[in-house]
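*Asks:* Each chain, written out:
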Amino acid sequence: MFNSFEGTVMPPNTPATDFTLTDQNGHPFTLSSQKGKVVILFFGYTFCPDVCPTTLAEWRQVETALSDKKDVLKFVYITVDPERDTPERLKNHLQIFSPDFIGLTGKIQTLEKVYNAYHIFRDKDEVKGKPGMYFMSHTSRMFVIDSRGNLRLSFSYGTPVKVIVHDIRLLLEEIS
Amino acid sequence: MSPLRGMNRGLVSLMMLFTIIVLLTGCQEGPKGAAIKIKNAWSRPVSIEERADTSVTPSDTTSQMNTMMGYNGVVYMIITNPGGEPDRLIGAESDICERVELHQSMMEGDRMMMRKIDGGLEIPASEKVELHPGGYHLMLMGLKRSLKPGEEFHITLRFEKSGQQTVTAKVKL
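Line order of the protein sequences matches chains Y and P. According to my numbering, the first sequence holds residues -8 to 167 in order. According to my numbering, the second sequence holds residues 152 to 324 in order.
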């Protein structure tokens, strides 16, 4: 059966690289423990003023559109800025958008393995005249892992919410 | 009345009507120095962690950095220049933050970059410029308080030709 996905389809049978990071409540979160659920992954940082909050606002709309499936759909936000994004910081930031979004941070060595596995570019942009202050440039693509733990889809920044909802619903329908 | 005189009267009336139409059309183009119009100013929520005991300086590096860092907000809007001459947004201020800067987000492939724009933003004659997510935006640097959904705050914009305008931005999710 052909599923008519509108997002970017990843090569078939690509297991999503597993990881264990720390969530906003200080508890460990392991990706492979989410089997049976669809996971949407995004890499951002809480001091981001524009693109990351926009993505979180879009996630809110996706969450609302798919609220009937909320028990089997996880929104996971991994920080590209672990120096500043502590679990508490992630919690304060994410709960504005939804109490159910998961924010992850961890040791830089662990995070770098995750960044590499998902081909996440990130770079610090220091602010002139303000030592210690910086913004981050980073990959803004969103990834979707299906209920069997395979990396199935990705969406570039700016993909309309209705496209995301359409495709995620197809993956949710795969859950028996 | 002779047919010729009747025709002259008709011609005069037609010329008067034509003149009125031209004048009205001229008025609709707008005077050269017409004021910039700003609408739909909006912002996103930002949470500033309040420390319960502000007499204590945070001892761990992360908290110290967060305090130094400052929190940043964003404002988007639609700026319309109805006049016949270009104008330029050259600055902005707001009581809710230390300073306001103009930034632009840009995609390079999958990478989101952001840069500060110096020199202001041109608002071409008879055109509108939209500050929107993923594009140009005003950044509120060093927020003095959290921004909660539903709240409003004032921001004053400075234009090279039109001068200052204060607008109300609404915080929304």
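It cannot be assumed that every hint is accurate.
Okay, derived cross-link-like pairs now, EDC-like style, lysine to aspartate or glutamate, Cα gap no bigger than 20 Å in a straight line [what the hints assert, rightly or not]:
{"#": "1", "chain 1": "Y", "residue 1": "Lys115", "chain 2": "P", "residue 2": "Asp261"}
{"#": "2", "chain 1": "Y", "residue 1": "Lys119", "chain 2": "P", "residue 2": "Glu303"}
{"#": "3", "chain 1": "Y", "residue 1": "Lys98", "chain 2": "Y", "residue 2": "Glu(-3)"}
{"#": "4", "chain 1": "P", "residue 1": "Lys323", "chain 2": "P", "residue 2": "Glu311"}
{"#": "5", "chain 1": "P", "residue 1": "Lys299", "chain 2": "Y", "residue 2": "Asp9"}
{"#": "6", "chain 1": "Y", "residue 1": "Lys28", "chain 2": "Y", "residue 2": "Glu54"}
{"#": "7", "chain 1": "Y", "residue 1": "Lys121", "chain 2": "P", "residue 2": "Glu273"}
{"#": "8", "chain 1": "P", "residue 1": "Lys267", "chain 2": "Y", "residue 2": "Asp114"}
{"#": "9", "chain 1": "P", "residue 1": "Lys323", "chain 2": "Y", "residue 2": "Glu54"}
{"#": "10", "chain 1": "Y", "residue 1": "Lys121", "chain 2": "P", "residue 2": "Asp269"}
{"#": "11", "chain 1": "Y", "residue 1": "Lys153", "chain 2": "Y", "residue 2": "Asp59"}
These are computed hints drawn from the structure, not numbers from a lab. Just so it is clear, the structure is predicted and the values come from calculations on it, not from any experiment.
*Asks:* Hint by hint, say whether it matches the structure.
*Replies:* Hint by hint, here is what the structure shows:
Using a Cα cut-off of 20 Å, the hinted pair Lys115 of chain Y and Asp261 of chain P holds, with the two alpha carbons roughly 16 Å apart. Under the criterion of a C-alpha separation no larger than 20 Å, the hint pairing Lys119 of chain Y with Glu303 of chain P is inconsistent with the structure, at around 30 Å. For the given pair, Lys98 of chain Y sits about 35 Å from Glu(-3) of chain Y by alpha-carbon distance, which is inconsistent with the 20 Å threshold. Restraint check for Lys323 of chain P and Glu311 of chain P: not satisfied, since their Cα atoms lie roughly 30 Å apart, outside the 20 Å limit.
Using a Cα cut-off of 20 Å, the hinted pair Lys299 of chain P and Asp9 of chain Y is violated, with the two alpha carbons roughly 36 Å apart. A C-alpha spacing of about 14 Å is found between Lys28 of chain Y and Glu54 of chain Y, which places the hinted pair at or below 20 Å, so the restraint holds. Of the supplied pair hints, the one linking Lys121 of chain Y and Glu273 of chain P is violated, its CA atoms being roughly 27 Å apart against a limit of 20 Å. Between the alpha carbons of Lys267 of chain P and Asp114 of chain Y the distance comes to roughly 16 Å, so the proposed pair stays at or under 20 Å and holds.
About 17 Å separates the Cα atoms of Lys323 of chain P and Glu54 of chain Y, which keeps this hinted pair within 20 Å; it holds. A hinted pair counts as satisfied when its Cα atoms are at most 20 Å apart, and Lys121 of chain Y with Asp269 of chain P qualifies at roughly 17 Å. The straight-line distance between the Cα atoms of Lys153 of chain Y and Asp59 of chain Y is roughly 16 Å, inside the 20 Å bound, and the hint therefore holds.
Checked against the numbered hints given earlier, the structure breaks hints 2, 3, 4, 5 and 7 and satisfies all the rest.
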